[in-house]
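S.K.: One letter stands for each residue in the lines below.
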Amino acid sequence: MTESLVKTHSVAKEFSGVRVLDDISIEVSEGEIFGIIGENGAGKSTLIKILNGIYQPTEGEIYFDGEEIERMDPFRAKEIGISTIPQEFNLVEHLNVYENIFLGQEHEQKRLLLNRKKMKKLTSELMDELQAEISPVAPIGDLSVAQKQMVEIAKALAYESRLLIMDEPTTVLTANEIRILFDLMRDLSDRGVTIIYISHKLREVKEICDRVMVLRDGDFVGLYHTEEVSEHEMANMMVGRELNQMFPEVSFPQPETAMEVHGMSEGELVEDVTFSLKKGEILGFFGLVGAGRTELAETIIGVRDRTAGTIKVQDERVEIDSPRDAVKSGIAYLPEDRQNTGILTNFDLPSNVTLISLGKYIKNLLIDRKKELEQTKEYIDEFHIRTPSIRARLETLSGGNQQKVSLVKSLDTEPEIFIFDEPTRGIDVSAKMDIFNFINELVRSGISVIFISSELEEIIGMCNRVAVMREGRITGILEGDEINEEQIMYHATGLEERAVQ
Amino acid sequence: MAGIKERVSQVDMETYGPLLALIVLVVVSSFASPYFLKWRNITNVLRQISYTGTIALGMTFVIISGGIDLSVGSMTAFVGGVVVIMVNYFGGGLLAILVAILVGLLMGAAAGAFNGLIITKGKVAPFIVTLGTWGMFRSLTLYISGAGEFRSTSNLFPQLGMGYFLRIPIPVWILLGLTVFYSILLNRTKFGRYVCAVGSNERVAEYSAINSQRIKFYTYILTGLNVGITAVLLSSRLNSINPTTAGSGFELDAIAAVIIGGTMLSGGSGSIFGTLIGAVILGIVSNMLNLLGVSPYLQGTVRGLVIIGAVLIQRQRG
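Chains as they are written, first to last, in my numbering: chain F, 639 to 1139; chain W, 11 to 328.
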């Protein structure tokens, strides 16, 4: 290892007063492959967005090649040789492969016309290097997810990068593709290119990285040479935190089965998922980003078209092809993405509350506004919804209160089964506790709950059983003593084979 | 709390802004021309706006749901032509007229359903679909007419469009009645609530168990039905339909009335009474230009400016 290429000194980042990254100092040498691991929300993505100039740090300095970079922005980053393979694809669907690779840095001839021939040739060379059989002129829309990932990688390689940041590049790749990528990474590293590698897959981190940094809740936890630390230890450090008294006492389910899902599939996103849910049970669903939990929920409620599978509610087979069918079958869903799927921000409180269950409020063909208002008032009191007025538009409410409205809206359909998808994302602690207590009351009254969360703490604190998903499949359903951080992470990261030993 | 206060005053502006503009316009106009406040002039203005005003009521639903319908002008000529043919075919008596009205309304609804079907099933942008049918309906009208005028031979038929009730023209009564009806439909029924929900955020609506495609489909039928009503009134008033000029430019006036009335072009919320006021404002502007002797050729320019102005004001509010 030679001298350091990238250095951060006490970097911190706040979003509207919330510190998501605190006091991070790293030093990455030229040609090093540097791993960063941590749970969802640990601050990994925030850190790399600071490095590639998408975010400005609230505190701290960044040095590149020994020089302090006063103000990093994406253009500056590109200029000095930092490129990023983002977690989410950044490709233009209706352009083809080479047009995407050279987007914004097109080769021209006589400064007027595009030099298509040269760009196609360079693209072919890049694809050969990646051993990917992708035509330079194939439209992006026709490519598989793995092929798109390869194009993203090629795009980053097309720049003369000195620092390559990879954010979960292998999530969608097969073992063989991963091997090719790793060979390429080693080759790049030998040529002096520095790589920052972010992954949930601890085995990969151990295999490819020289050193690994662990982040948790925005804090630095530790920095290790990968040969000195086991995957097991890494997993422990990622999650290592105590449970506190946020959660109500776990109640016990009744013996009757409320719902059975058998062989549920949706293309490659959800594959052959089978589970059952007891009356009054909280069944947790844990998984890392891209594990397919939201997709599973959306397939169950009919937002997505299932490719296979059956659902039984109270021992009767139900056909759910749309959210309307789900409501009829007594299944309610609290969506993960509140702004885009949960609430109507320009509607007032009562209109949001009754949006799904409006049928109940119709008298002589007209909406019974009085009943609507009365019901809304009850919910406001019951759920401590803080609102400027009963008729306030939802955009004037805080995130936590919006979430409560979203929840009440689904509750008003009087469901037997309630699916919560990341119910506490982005809301404050007191609103979180309100929601936990509410879920607990639900199951005590005999309603069954599917609880999707990326917060291990919540999953462990709330659930009777925990289903862990990875790559669209359930890798394990844990009960009793098995519900602990290590077991869950083993199943989520794909280490369960070893955990058994 | 300042933010909430602002919000309240903004809502008030949305509701009362167009009304305020109308009052100012009436006051200014009555000073600018002595003829303006004459009963005959007022009823004329109101009759003039009743045609595009009726269409605009339907258009309000389409725009709130996030769509647009450019085909209404040509559709008016097409349905109007068919209505005249029906009146003649069945002999021009009372029964013939009733049949013609029924056919006209059904044809309008069917034409709207055609737009709605392609938009919702074919997933083609409403702008494109209705631009296409805008061309189609005009061309079909010309084809059926053989490039001549549709002329009714009935003496009774014109009574409907020419007639008065309590000194107010019948088409104006119809416009007012429909305004009340559609206002209730928009504000007090499940359908109206769903139209707003779909226009506000289609994904949220879909997740909330609303069949958003069907709701959109219905808004186009509704607009088609209103086009049918307008076509009946217009053909009755003139006792004929000119296949080239009938209904031409109606889409502009109807959309303009909706926007001037305060309905957001981006959808999600709107007001039926606002649309009525918007239509009246447009009618008065046109009337004043006539009374003040401005070249009729410049009217389109003024109307265009009023629409763009209204959208600019919306933009500032948003």
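Keep in mind that the hints were calculated from the coordinates and are not lab data.
All residues carry an ideal CB built from backbone N, CA and C; glycine is no exception.
Check the hints yourself; a few may be wrong.
[Said to hold, decoys possible] Covered by chain W, per the in silico footprint, the following chain F stretches (three or more residues, Cβ under 8 Å): (1) 656 to 664; (2) 869 to 877.
[As the list claims (entries may be wrong)] Computed list of lysine-lysine pairs in BS3-like fashion (alpha-carbon distance at most 27 Å, straight line): (3) Lys1009(F) x Lys998(F); (4) Lys966(F) x Lys998(F); (5) Lys950(F) x Lys1001(F); (6) Lys917(F) x Lys755(F); (7) Lys916(F) x Lys844(F); (8) Lys966(F) x Lys48(W); (9) Lys200(W) x Lys966(F); (10) Lys133(W) x Lys200(W); (11) Lys716(F) x Lys759(F); (12) Lys200(W) x Lys1015(F); (13) Lys1001(F) x Lys200(W); (14) Lys687(F) x Lys755(F); (15) Lys917(F) x Lys998(F); (16) Lys917(F) x Lys966(F); (17) Lys1008(F) x Lys998(F); (18) Lys1070(F) x Lys1008(F); (19) Lys998(F) x Lys200(W); (20) Lys1001(F) x Lys1070(F); (21) Lys1008(F) x Lys200(W); (22) Lys1009(F) x Lys200(W); (23) Lys1070(F) x Lys916(F).
[As the list claims (entries may be wrong)] FRET-style restraints, in silico, Cβ to Cβ: (24) Gln223(W) x Glu1109(F): 29 to 39 Å; (25) Asp1019(F) x Arg50(W): 54 to 64 Å; (26) Phe137(W) x Glu763(F): 42 to 52 Å.
S.K.: Now tell me if each hint is right for this structure.
M.R.: Checked hints:
no.: 1; hint: 656 to 664; result: violated (count 0)
no.: 2; hint: 869 to 877; result: violated (count 0)
no.: 3; hint: Lys1009(F) x Lys998(F); result: holds (10 Å)
no.: 4; hint: Lys966(F) x Lys998(F); result: holds (13 Å)
no.: 5; hint: Lys950(F) x Lys1001(F); result: violated (33 Å)
no.: 6; hint: Lys917(F) x Lys755(F); result: violated (64 Å)
no.: 7; hint: Lys916(F) x Lys844(F); result: violated (40 Å)
no.: 8; hint: Lys966(F) x Lys48(W); result: violated (60 Å)
no.: 9; hint: Lys200(W) x Lys966(F); result: holds (18 Å)
no.: 10; hint: Lys133(W) x Lys200(W); result: holds (24 Å)
no.: 11; hint: Lys716(F) x Lys759(F); result: holds (23 Å)
no.: 12; hint: Lys200(W) x Lys1015(F); result: holds (21 Å)
no.: 13; hint: Lys1001(F) x Lys200(W); result: holds (11 Å)
no.: 14; hint: Lys687(F) x Lys755(F); result: violated (34 Å)
no.: 15; hint: Lys917(F) x Lys998(F); result: holds (25 Å)
no.: 16; hint: Lys917(F) x Lys966(F); result: holds (18 Å)
no.: 17; hint: Lys1008(F) x Lys998(F); result: holds (13 Å)
no.: 18; hint: Lys1070(F) x Lys1008(F); result: violated (31 Å)
no.: 19; hint: Lys998(F) x Lys200(W); result: holds (11 Å)
no.: 20; hint: Lys1001(F) x Lys1070(F); result: violated (36 Å)
no.: 21; hint: Lys1008(F) x Lys200(W); result: holds (15 Å)
no.: 22; hint: Lys1009(F) x Lys200(W); result: holds (14 Å)
no.: 23; hint: Lys1070(F) x Lys916(F); result: holds (24 Å)
no.: 24; hint: Gln223(W) x Glu1109(F): 29 to 39 Å; result: holds (33 Å)
no.: 25; hint: Asp1019(F) x Arg50(W): 54 to 64 Å; result: holds (59 Å)
no.: 26; hint: Phe137(W) x Glu763(F): 42 to 52 Å; result: holds (43 Å)
Comparing the model with each numbered hint stated earlier shows that hints 1, 2, 5, 6, 7, 8, 14, 18, 20 do not hold.
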